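Fit chain E to the supplied structure of chain F, relying on the hints for placement.
Chains as they are written, first to last, in the working numbering: chain F, 1 to 108; chain E, 1 to 128.
Simulated from the structure, these hints should not be mistaken for laboratory data. Computed from a predicted model, the values in this text were never measured in an experiment. Every residue gets a Cβ at the ideal spot worked out from N, C-alpha and C, and that includes glycine. Heads up, some of the hints might be wrong.
Quick partial rundown of chain F residues pointing at chain E, CB under 10 Å, derived from the structure [as the list claims (entries may be wrong)]:
id: 1; residue: G24
id: 2; residue: A29
id: 3; residue: G30
id: 4; residue: P32
id: 5; residue: F56
id: 6; residue: D58
id: 7; residue: L91
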Amino acid sequence: MTELGNHDSLTVEHSPEGAIVVHGDIDVAGGPILEAAIVDSEAAGPIVLDLADVVFIDSSGLRSLLGASRRAGDRGQVVTLRRVGPEVRRLLEITGTTEHFVIESRRD
Amino acid sequence: MTDTTVLGPVVVRLPPDPTLSRVLRLTASGVAGMAGYSVDEIDDIKIAVSEVLLALIEHGAGRPIEVEFAAEQDAFVVRAHTPIDSFDTDHPDLALCRTVLAGVCSSHGIELIDDEAHIWAAVAHLTP
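So here's chain F without its partners, still in its complex pose (with noise of 0.2 Å):
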């Protein structure tokens, strides 16, 4: 895989057919640097996110998936989420932004 980012508590990373795979917290340090890693893989194609490795996420992490589902929004394409763990989908359904994404599969 090829690194893209990393933190004390979060990091992102490539896999070999293009997802972005993420590993950590997503919270308010997580989540500038997987913005970034998502900014930067846009021109390649729809943005795929691996979550299985993902234990936390709150609202300024939300907000980073939200931007990018705007910006695939307006490309017209779709940002998928794989191996969503319950603490995402939670955070998906308190919010009411679940139908943002395409949940690709699910990790209990």
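Just chain E now, with coordinates in the frame of chain F:
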């Protein structure tokens, strides 16, 4: 004597550094765990703590933030404040924060009191 131990308040004073969000969540988790809160409740407490801190980091004046945890019989209460010159409690960027707090807390509040931004959130303890 109940199964739930009341702990706190535990007071933490920290600079407005985003990298400390995880440390603060771990601290709150430890206090809640010692007080007998469930795993699901602790997950909500971590979200509440993170929302409280990010609101004061993003909308504060870059000055120290004081956070207080209290594990009470019926709720885990997080209170935080920081000195500020002006604070728009209706700022659009706080809307998502408020929505999340409303989803995980039994009550919460964001206020400007005497040149300080104050945020508090209470996560209900349903399994005493």
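Right, here's what the structure says about each hint:
no. : hint : in the structure
1   : G24  : holds, 9 Å
2   : A29  : holds, 4 Å
3   : G30  : holds, 8 Å
4   : P32  : holds, 8 Å
5   : F56  : holds, 7 Å
6   : D58  : holds, 4 Å
7   : L91  : holds, 7 Å
Checked against the numbered hints listed earlier, the structure breaks none of them; every hint is satisfied.
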